[in-house]
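J.: Residues per chain, in single letters:
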Amino acid sequence: MTTTELDRVPELAPRDYASPLASKLERLWATKPGLIGWLASVDHKEIGLRYIVTAFVFLLVGGVEALIFRIQLAWPNQHLLTPSQYDQLFSMHGATMILWYAFPVLTGFSVYLQPLVLGTRDMAMPRLNAFTYWVYLFSGLYLYVGLALGSAPNAGWFNYVPYASRPYNPGLNIDFYALANILLGVSTTLGSLNFVVTILHQRAPGMSINRMPILSWGTLTISVGNLFAMPSVTLAFFLLWLDRQFGTHFYSPPSGQPLLWQHLFWMWGHPWVYVIVLPALSMVSEALPVLCRRPLVGYTAVALATVLTMVLGFGVWLHHMFATGLPNIALAFFSAVSLFIVIPSAVSNFAWLATIWTGRPIFNTAFLFFVGFIIVFVIGGVSGFMTGSVPADWQLTDTYFVVAHLHYVLIGWNLFAVMGASYFWFPKMFGRMLDERLGRWNFWLMFIGFNVGFFPMHITGLLGMPRRIYTYPDGMGWDTLNLIITIGSYIMAAGMLLFVVNVFYGLKRGVIAGPNPWDAATLEWSTPSPPPPYNFVVIPTLASRTPLWEERLNEGPYRSQLSEGTPLDHGKEVLGTSSLDAQPNVILRMPEDSIVPLLLALVLTLLFAGLIVKAWWLVIACLAVGLALQLAWLWPRVELRERRP
Amino acid sequence: MSTVVAVSRRSLPVGSVGSHAIGWWGMICAVLTEGALFGYLLFSYFYFAVQPRQIAFPPELPSLWLAAPNTVILLVSSVAVWQAERGARRDSWLRQVVGLGSGFVLGVIFVGVQLLEWQSRPFGLSSNAYGSLFFTVTGFHMAHVVLGLLILLALTVWSALGYFGPRHSAPISIGAIYWHFVDAIWLAVFFSFYITPYLGLRHGP
Numbered sequence: 001m002t003t004t005e006l007d008r009v010p011e012l013a014p015r016d017y018a019s020p021l022a023s024k025l026e027r028l029w030a031t032k033p034g035l036i037g038w039l040a041s042v043d044h045k046e047i048g049l050r051y052i053v054t055a056f057v058f059l060l061v062g063g064v065e066a067l068i069f070r071i072q073l074a075w076p077n078q079h080l081l082t083p084s085q086y087d088q089l090f091s092m093h094g095a096t097m098i099l100w101y102a103f104p105v106l107t108g109f110s111v112y113l114q115p116l117v118l119g120t121r122d123m124a125m126p127r128l129n130a131f132t133y134w135v136y137l138f139s140g141l142y143l144y145v146g147l148a149l150g151s152a153p154n155a156g157w158f159n160y161v162p163y164a165s166r167p168y169n170p171g172l173n174i175d176f177y178a179l180a181n182i183l184l185g186v187s188t189t190l191g192s193l194n195f196v197v198t199i200l201h202q203r204a205p206g207m208s209i210n211r212m213p214i215l216s217w218g219t220l221t222i223s224v225g226n227l228f229a230m231p232s233v234t235l236a237f238f239l240l241w242l243d244r245q246f247g248t249h250f251y252s253p254p255s256g257q258p259l260l261w262q263h264l265f266w267m268w269g270h271p272w273v274y275v276i277v278l279p280a281l282s283m284v285s286e287a288l289p290v291l292c293r294r295p296l297v298g299y300t301a302v303a304l305a306t307v308l309t310m311v312l313g314f315g316v317w318l319h320h321m322f323a324t325g326l327p328n329i330a331l332a333f334f335s336a337v338s339l340f341i342v343i344p345s346a347v348s349n350f351a352w353l354a355t356i357w358t359g360r361p362i363f364n365t366a367f368l369f370f371v372g373f374i375i376v377f378v379i380g381g382v383s384g385f386m387t388g389s390v391p392a393d394w395q396l397t398d399t400y401f402v403v404a405h406l407h408y409v410l411i412g413w414n415l416f417a418v419m420g421a422s423y424f425w426f427p428k429m430f431g432r433m434l435d436e437r438l439g440r441w442n443f444w445l446m447f448i449g450f451n452v453g454f455f456p457m458h459i460t461g462l463l464g465m466p467r468r469i470y471t472y473p474d475g476m477g478w479d480t481l482n483l484i485i486t487i488g489s490y491i492m493a494a495g496m497l498l499f500v501v502n503v504f505y506g507l508k509r510g511v512i513a514g515p516n517p518w519d520a521a522t523l524e525w526s527t528p529s530p531p532p533p534y535n536f537v538v539i540p541t542l543a544s545r546t547p548l549w550e551e552r553l554n555e556g557p558y559r560s561q562l563s564e565g566t567p568l569d570h571g572k573e574v575l576g577t578s579s580l581d582a583q584p585n586v587i588l589r590m591p592e593d594s595i596v597p598l599l600l601a602l603v604l605t606l607l608f609a610g611l612i613v614k615a616w617w618l619v620i621a622c623l624a625v626g627l628a629l630q631l632a633w634l635w636p637r638v639e640l641r642e643r644r645p
Numbered sequence: 001m002s003t004v005v006a007v008s009r010r011s012l013p014v015g016s017v018g019s020h021a022i023g024w025w026g027m028i029c030a031v032l033t034e035g036a037l038f039g040y041l042l043f044s045y046f047y048f049a050v051q052p053r054q055i056a057f058p059p060e061l062p063s064l065w066l067a068a069p070n071t072v073i074l075l076v077s078s079v080a081v082w083q084a085e086r087g088a089r090r091d092s093w094l095r096q097v098v099g100l101g102s103g104f105v106l107g108v109i110f111v112g113v114q115l116l117e118w119q120s121r122p123f124g125l126s127s128n129a130y131g132s133l134f135f136t137v138t139g140f141h142m143a144h145v146v147l148g149l150l151i152l153l154a155l156t157v158w159s160a161l162g163y164f165g166p167r168h169s170a171p172i173s174i175g176a177i178y179w180h181f182v183d184a185i186w187l188a189v190f191f192s193f194y195i196t197p198y199l200g201l202r203h204g205p
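These protein sequences, in sequence, are chains Y and U.
1 is the number of the first residue of the first sequence in my numbering; add one for each residue after it.
1 is the number of the first residue of the second sequence in my numbering; add one for each residue after it.
Check the hints yourself; a few may be wrong.
Claimed, not checked - Where chain U lies over chain Y, by a calculated footprint (3+ residues, C-beta under 8 angstroms):
(1) 243-250
(2) 499-512
(3) 579-592
Worth flagging that the hints you see were computed from the coordinates, not collected in a lab.
Positions of the beta carbon are idealized from the N, C-alpha and C atoms, including for glycine.
Hey, can you work out the whole structure from these sequences and the hints?
T.: Written out as structure tokens, the structure is:
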């Protein structure tokens, strides 16, 4: 071993998590103790958990916001909130849930799980991974600082102009929202880039693209989608900020085009719907078969349907704009694509049903959540199919029917899957099981509360109740239904609270899980629970999609090599493999823990603070310091073989 | 009877090597998303250009006197950076430093000429929709050029320090991808704002 070695034949070592090799890897990969060590950590498991916890905090905050305005809406003519407070609260609720909870929680699961299911030791860019987490956290704080200053967004999470333009909305409310979104966009884009590189370049040898876990198909698909979709919304918000603060004319009269906002927003917005559900769908496709004791039915069809859904998702944005007076030919085309997209979604649905039908299901909490997910998935899908039709949409648009639909989609397709996934992967993350009895209560309260709370919205919508109103007169036939909705939302909140209780109980008292409590098939279950900092003591070589089930499935003549492999212990090293057939082609050097990502994220946030108050000296200072930090970050290093010694 | 697959024992390069480097993959993804950004910017431009009325596009055709030679300057800078990349692969210190350095200088000239071009415009960022579009889109491109210049400057210094050679050329290749991208995007911006009016896309009130 020399510091200048340029080529190496990988050694072989047995898989033993108690060997000297394991202690050596532990020293190389472990997060250092102390506060600075914690802040500087680049371990994907550490960062993944931070993402999940932060996203759940935003979920609870967004939930409390909804509970407050549900009291206002429980009876007619309520004045608990002023119209202005109501506007801020429902806008914050939407923004928090869709932007700061729904995607980041999936990112958290992906950051934690992807390197484990792919058989590697970290994300491709560990420091970037830490950076994207910090920027995500700070962008959320930035938004909530706006709320604390009484300048929270108040034009809905979709933020339509001209209401969001300065003449009609002169405070800093929309500017906080615009800049927080740009900051979050930086995090989302860089995070997606990291996933693409990790999944295409660091899979374990032998894990060809058709042996990749279905979980990775979801993450890969939406990450590529994000690369193309994110710039649209970031640009939309940037142009809005220019319009509001520098007098440009993108959206504002006389020569601006208000509809340009809707185009740019929904060209991102509809792909985003799939971005925040497809990874959740793929978590179900990964975990549900394990609980049905068989491989997923129709792996190839589900993988292709995932990709097709994302691709079609770029061609349906106009269905958010059916009522804006666009030409009929455009309406017809986008309506057709919106109806067609049901087909790939149904493929996954039938694959899950067939998996349950032909399997031997274990009726535990995770399974209940997945089945609940399938039921609300179908209801939300059908109401989406209805609004995809132009004549129906003209009746339903801007009514509570749309509110019902989008909550069935976002809670049903995202939160129920996330809850099931939490019960499923919690034992891997913490080495202890969540409690089943509490879990049943958790599920049934959430499932009943959700349906009681959101199903009647379909009816109030059909009865003509408009969205976004802060109160309503009595005698419209909406009173009883709204009271039922509020009761349902509190039942659901009680269920959510039980989950929090269960997590704390599980962390302290949960039954010890062992490496593979569900007897699952994929690589993450071949490591101890929780996994050591280096994940795999030796890198596995794969021969199938289900390395831990090969003997019992007996599908082919070849078996995966899990009991010995390359140790890669000459530093922090991982294997780089080819994108399609996963042949090893390089030994990659990984950077150590670093405080620079946190510092850079702080400087970037400070820069955005300078932008909102127009303190140009601060902006310029932050630019200079930020560039210096990036230079330090990127300076070629001998240890990483980026330059000559 | 089943066989356990063999672990590959092929000799492998270590570290940041050519198109196997993490940074190379990262830059390809970055270029894709930045390309999409310019796609949306130009979408906005064409969205305005096809509106039926009331959008103030300038009455005269855009002048090519500065923009056309400037385009050539930018393209030549790409050739220089490409030469530097070849220089690193062939272990020529001089070709690296001269290639990157002249790419940098040509880029600075482009920025200077572009500033003159901005000054010669009779409208500003907030005059009307066309002014907002013109300065925002070319401004976004300028910001990318400036970032590219900082990258070229860092690479020139690192090359001069003798950091790079045949087995250590990945940083130059990664920087070069970005610079070629910035040049390619300029062609799209140039075509949209300077050529399409001559092809009959609207100009005038």
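J.: If a hint holds in the structure, say so; if it doesn't, say that too.
T.: Results for each hint:
no.: 1; hint: 243-250; result: holds (count 5)
no.: 2; hint: 499-512; result: violated (count 0)
no.: 3; hint: 579-592; result: holds (count 7)
In summary, the one numbered hint that this structure violates is 2.
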